[in-house]
Amino acid sequence: MQIQRAAVIGAGVMGSGIAAHIANAGVPVVLLDIVPKGMPAGADRSAVARGAVQKLLKADPAPFMHPKNARLVTPGNLEDDLGLLADCDWIVEAVIEDPAIKADLYRRIDPVRKAGSVVSSNTSTIPLAALVEGQSEAFRRDFLITHFFNPPRYMRLLELVTGPDTRSDAADALADFCDRRLGKGVVRCKDRPGFIANRIGAFWIQAAINAAFDLGLSVEEADAIAGRPMGIPKTGIFGLMDLVGIDLMPHIARSLLATLPEGDAYRAAYREHPLIARMIAEGLTGRKGKGGFYRLNRDGGGKVKEAIDLKTGAYRPAERPKPESLAAAGRDLRALADHPDRTGAYARTVLAGTLAYAASLVPEIADDIVSVDEAMRLGYNWKQGPFELIDRLGSDWFADLCRREGIPVPALVERAAGRPFYRVEGGRLEHLTVDGAYTPVPRPDGVLLLSDVKRAGKPVWKNGSASLWNIGDGVMCLEFTSKMNTLDADTMAAYGKAMALIGDGRGAWKALVVHNEADNFSVGANLGLALFALNIALWPQIEEMVEAGQRTYRALKYAPFPVVGAPSGMALGGGCEILLHCDHVQAHAETYVGLVEVGVGVIPGWGGCTELLARHAADPKLPKGPMPAIAKAFETISLAKVAKSAAEAKDLKYLRATDGITMNRARLLADAKAKALELADGYTPPQPATYTLPGPGGRTALDLFVEGVRLQGKATPHDVVVCRKLAEVLTGGDADITQPVDEDAILALERKAFMDLVHEPDTVDRIEHMLTTGKPLRN
Amino acid sequence: MKSVVIAGYARSPFTFATKGELARVRPDDLLAGVMAALVARTGLNPDDLEDVAVGCAFPEGEQGLNVARLASFLAKLPETAGATTVNRFCGSSMQAIHQAAGAVAMGAGDLFLCAGVESMSRVPMMGFNPMLHPGLAEGYPEAYCSMGITAENVARRYGIARAEQEALAAASHARAAEARLQGRLEAEIVPVDAPGGRIAEDGCIRPETSAESLAALKPAFLAEGTVTAGTSSPLTDGAAAVLVASEEYARANGLPVLARIRSIAVAGCAPDVMGLGPVPAARKALARAGLTIGDMGVVELNEAFASQAIACIRELGVDEATLNLDGGAIALGHPLGATGARITGKAAALLKREGKPFALATQCIGGGQGIATVLEAV
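Residue numbers (the working numbering), protein chains in the order written: chain X, 1 to 779; chain U, 780 to 1157.
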C-alpha cells in the first residue's frame, strides 16, 4: 500500500500539527473539522480547519518545514467534505478524547473511505479494543493507533498500536511511511494504558513531584538533579510541566487511574498536591498561562525569573542551586544517588522508583527493552532510556538500590542477575530479552548508525577534533569530535588526512561522507581559540588559519572523489561552509544552516561568500546582470540568516535544489553513503566558476543601502563596518564588469576583509560577548 | 503655434506593490490594457497617431526594451505610429505629455498617446543592477540621497511637525475614500484582468486611516525622524494614459476634449530636498501662463511625501480647497512612471467636472527636479 493522499480529522493542536507534518512529507492532506454551531448563512463552513492552517503558518516553532507546504493541506468540514476521504489512503483521527464521539465519527467515515485505506487514531488514553468496539469487520482490520507527540514535526516518537484484528500489511505499510516519510522513530506498543512513553513519563513526573515535596527540595533543586545529570532535558520536572501545561496532568492521571490494572505502582504514587490544584484553579498553568512553577516577572519593566516556593506557594526570585551532591558526584550517577544529603536522596528516590516501574512493565507494555528506551529517548528527549540508565548504575547495584528503598526488585532486573541490559558482542550491540538471553538490537534496512560503526571497531585515524571511520563499501566518514563540533586546525588536518588516504578515489577508498551523530553538525570555527589568538595579536597565525580553511575546503571541492555532507541540527558558519563545498549534501530535514559570521563581526572567510555568490549567480530565475545575485548573497550573509529547515536552506541556497533531504535521522548516513557511491561511479570534479562582478559601482550601491538601514536605526555602527566589507568582497573589490575574475580573486578578498575586521576592537567585543553569553552583541 | 488639448484620460487601478492584486501582472500588459481602453473610449482613429510616448522611471526588465513600442503591439495599435519611452523618474509621463504638446505646437503631429507605467512589484526602485558612481557618491552624496531622507530634510527645513504630515495623509485618504464611495473614480479606471480575477478598484486607499492610527507608526527612514510609511506614498503598481491632440484635430474628429494645455515647465533644485521641485517648476509655468496660483481652481500636487507636499503648498500658496480633490498619492499610490499622466489627466478631468477656469498639475522628481503643467478650460 502506498500512501499518496491522507486526511486528518480534528484540526486542534495535534490534528493540525499532524496534517502539517504529512504535508512536510510532500503528501497532500485533507484537514476536516466540525461546522461551528449557529453560523450565519453564507459564512465559511470550513472556518475551523481553515483557521487552523492560518494558525499553523504563524506558530513558532513552525509546524511547516516550508510555508509552501501549507498548499498541500486542504481544509474542509465534516458535513460537506466527507467525500474527500474517498481518495485517502490514510485517515488520522485526532478529535476529542471521547469514545462515543470517536465511535460515531468512525461509523460516518467507514462507508465513504476507500477499501483498504488505513484509519488510525491519535488517542493517547483510550484502548484500541474500546475504539473498535461495535465497528465493522473491515474497519477493525484497517484500524490502528498512531500516537504522535507534541509538536508532531519535532518530536520523533510515534507509538504504533495494533489490535488482534489489524491487518499486519497495513500496520507495516503505515509504520514504513511514518519512518521514512515522516521521519519518526516508530515504536510498537501493546494496547495498554498510556502505551509506553506516557505510562512511564506520568509515573516519573508524579514520583519526582512527590519526592520534591517530601524531601523539601525547591523546584530549582529538583530540576537541577532530575535534569541534566540524568540525561534528561534541563527543564527537569517542573520546567517540563510548565512547558506542557500543568493542567494536563490531572487529565492524564484521571485516564490512567481509570484504566490501569489494580496494584499498578502508579496508583500508589498518585497524589493530589494542594498547591498544584490551587495553581491550576488560579490559571497558573505554565508558559501558556499566567505563570507556572517558574515565571518571568515583568513588573517594573524588568524581566526577573521567579520560581514558586513549594512550601508557601509564593513566587520568589529563581536561584541557581549548586547542590553539593552534584559537585561531589560529577558525572557519576551512582555517586549522586549515594550522596547522603537530601538532593542525593532525591536522585535516589526518583531513579529507584521510575526505573523500577519501567523495568516492571516489560513485557506488559512492549515486547522488549529496546522499545521502552527508544520511546523515552524520542518521546521525552531523555538521552538514555530507563534500561540504559540502569546499566549506568549497574543492574546489581540497581537491584540493591531497590531493596534499600523498599521497592520490589522487578523480575527483569532479577533475571539480569548483575548482567547489563545492553552489551557489545562481536562488535554488535545486543540487548537482554525477557527470557534472559541476549539478542542483537535490530536495525531496519536502510539504517546505518555511526555509533554502531564505532562500537564495531577502531577509527581509521583520529586526532583531537575529528575521526575517520570506515563505513563500508569504500566510503570513509569524517566525524567531528570536538566540543560543540567546533572547527580548528585539527579538523583541517583530518580533512587533509582523509584526502591523503582516499587519494584518487580508485583504490580501497572511493568517497568521503562528512557526518556525525551529535545534536549539531557543527557550530562553526572555534571562537575561543580565535579570541585567544586575537588577544595576543597572533596575526600571521590567524591569517594562516583562514588560508588553511580556504585551502582545505577548496581541495575537498576539487578532490578526485566525491564528498557528501550529511548534516543534522545546526550547521553554522564554518560548518555551513563545509556543506557549501560538498559535491552533494544529504541533509536531515531538521538541519539549520546559516552563515552567521556577521554576528561575531566578521564575514565568512572559508569560501562562504564565494560559494554562495556562485550559487546565486547560476540561478537562471534572477534578472540578468551581476547585482541581483550579489544582492541576494549580501542579504543572506549580512542578516546572518539561519534556515529553519533543510527545505528553507534550499530557498537561501545554502543547499542546492538537487541536494537530498532525509526525514528520518536514523536513515541519514545510509542515504548519504548511497549517494556517495552513486557519485563515485565515473566521478569528475566540478569546474571552477568565473565571476562577472561590478566592482566599485556595485559596492557603492550596497553601501548606500547599508547607510539607509543605518539611518533607519536598524544597523549598528559595527554592522555598517562589517557590511561594507562584505559589500566589497561580493562586488569583487576593484573588479570591472568587462573583466571576469576567478574564485581565487574573491577568496583573496574574503581573507583581506576577514583580517581587516579582526583588527577591529568592536569585532573582538562581539566574539567575547558570544563566547560568554551565547548571544550576538549589537555594537 | 497650434493649440494643444487633452482629449482623454484613463488609468488602471492602483494597487500595492508586491502584496497587491496587480503584482503578478506584467507592466507591459498593464500599460497596453490602459492604452487600448483609452483608444476605444475616445473613439480616435489609431491610424492618425503620430507617436506613443510612455513614461517609465525604471525602464528595464518587463518594462524595458522601449516598452512603449512593445505595449503598442500588445494594444494592437497600428505599426505606423512611433513609440518612445521617456525617463524623468517620477516626472516621466508628464514629460511625455510635454513632448507631445511641444510637437503639436510646432506642427510635428496632431495626435499623441501619452502614457506611463510602473510595476514596482516587478522592477525594483533603482533597477536590478544599481551601479553608482563611487566618486560622485563620495564627493557629492546628495546626488544619491534616498527619497525618504529628502522628505525628512524638507520636514526639518520647513519645521513641519509629524502631526501636520499625518493630518495631510488622513485628509488624502478621506478624500480618496469618499471619491471611491461616490463612484467618482470609476470613469477613469480601466479594469484589469489579474491572475486573482478582475480588478476594477484602487487597492491602496485605507478609509479607516485616522490621525491616531497614523500616530502609532514608527519612522520609516530615520530612527528619530518624522516621516512614516503612513505619510509617504506607497510602492505601487499602475499605468495611466492621456490623449494629447491639436485642438483643431480634436474638434474636427469629435474627440472628447477635457482641457487646453496653457503652459509647461521643468526646473531643478537641490537633490537632497527634491520634494521642493514643484515650487520653481510651478512658478515658471504660472508665469508663462500669465496667471497666479490664485487663478487655479484645481491643483493636482503629487504627494510623494506629506512633508514635501506641505512645503510646496506653503511656498506656492495653494488653496487647500482646490487641492487633490479626489485624494493624492499617499492614498491612491504612486507608480512612479504613471503618476505624471494620472495627475495631468485628472487635473483636466476635474477642470471640466468642477467647471473651473484653470488647473495646475505638478510633481517633484528624484534627483532634484520639479515639473508642472497649467491647463485651462475649453
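Mixed in with the good hints there might be a few duds.
[Claimed, not checked] Below, computed lysine to aspartate or glutamate pairings styled on DMTMM-like, alpha-carbon distance capped at 25 Å:
#1 X/Lys714 to U/Glu800
#2 X/Lys190 to X/Asp264
#3 X/Lys752 to U/Glu917
#4 U/Lys997 to X/Glu635
#5 U/Lys997 to X/Asp368
#6 U/Lys798 to X/Glu635
#7 X/Lys621 to U/Glu921
#8 X/Lys58 to U/Glu921
#9 X/Lys714 to U/Glu858
#10 U/Lys798 to X/Asp60
#11 X/Lys55 to U/Glu800
Derived from the structure by calculation, the hints contain no laboratory data.
Against the structure, the hints:
no., hint, result
1, X/Lys714 to U/Glu800, "30 Å, violated"
2, X/Lys190 to X/Asp264, "16 Å, holds"
3, X/Lys752 to U/Glu917, "23 Å, holds"
4, U/Lys997 to X/Glu635, "23 Å, holds"
5, U/Lys997 to X/Asp368, "61 Å, violated"
6, U/Lys798 to X/Glu635, "21 Å, holds"
7, X/Lys621 to U/Glu921, "34 Å, violated"
8, X/Lys58 to U/Glu921, "42 Å, violated"
9, X/Lys714 to U/Glu858, "51 Å, violated"
10, U/Lys798 to X/Asp60, "23 Å, holds"
11, X/Lys55 to U/Glu800, "24 Å, holds"
Checked against the numbered hints above, the structure violates hints 1, 5, 7, 8 and 9; every other hint is satisfied.
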